[in-house]
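Trainee: Residue numbers for the sequence shown follow the working numbering, beginning at 32 and rising by one.
What the hints contain is simulated information worked out from the structure, not anything from laboratory work. Glycine included, C-beta positions come from ideal geometry on N, C-alpha and C. Certain hints may be false.
In silico DSBU-like links for lysine-lysine, alpha-carbon gap of 30 Å or less [to be verified]:
#, residue 1, residue 2
1, K129, K140
2, K50, K65
3, K112, K122
The following label-pair restraints were derived from C-beta to C-beta distances [what the hints assert, rightly or not]:
#, residue 1, residue 2, range
4, K50, A133, 34 to 42 Å
5, M137, N69, 40 to 48 Å
6, P127, V72, 36 to 44 Å
7, K50, S88, 17 to 25 Å
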Amino acid sequence: MNFWETVDSELQYQNKERKDLAKAAGFDVSNIGKGMKNGGVPLADTAVRIAQFLNVSVEYLVSGGKSIGSSNADNSADFKKFFYYRKLVSKIDSLPKKTKDAIIEMFEKI
């Protein structure tokens, strides 16, 4: 996952809009789509403003959530699984306790 894909995923996870990020970080909103397509990374000062808006580290955005220098395949696979399902987990977590407990019980029985 490249820098901009991580940014876009984090925006979705935090339920934030691309246009709000672009305004806060001082760039055109079209840069996100272009960056995702080209795999580019913004200038350092822009990356810092993006990270601040998302309340994450620049390292997280650059490395796609892995610690730089980490080569542990198990952690990488676990991260990919979490990243794929995190929106679902977030939605389940926001449900009333009784509903959430029922869903968890259902999954534990599978």
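Trainee: For each hint, tell me whether it holds in the structure or not.
Mentor: Now the hints, each set against the structure:
no.	hint	in the structure
1	K129 to K140	holds (17 Å)
2	K50 to K65	holds (14 Å)
3	K112 to K122	holds (16 Å)
4	K50 to A133: 34 to 42 Å	holds (38 Å)
5	M137 to N69: 40 to 48 Å	holds (43 Å)
6	P127 to V72: 36 to 44 Å	holds (42 Å)
7	K50 to S88: 17 to 25 Å	holds (23 Å)
In the structure shown, no violation is registered for any of the earlier numbered hints.
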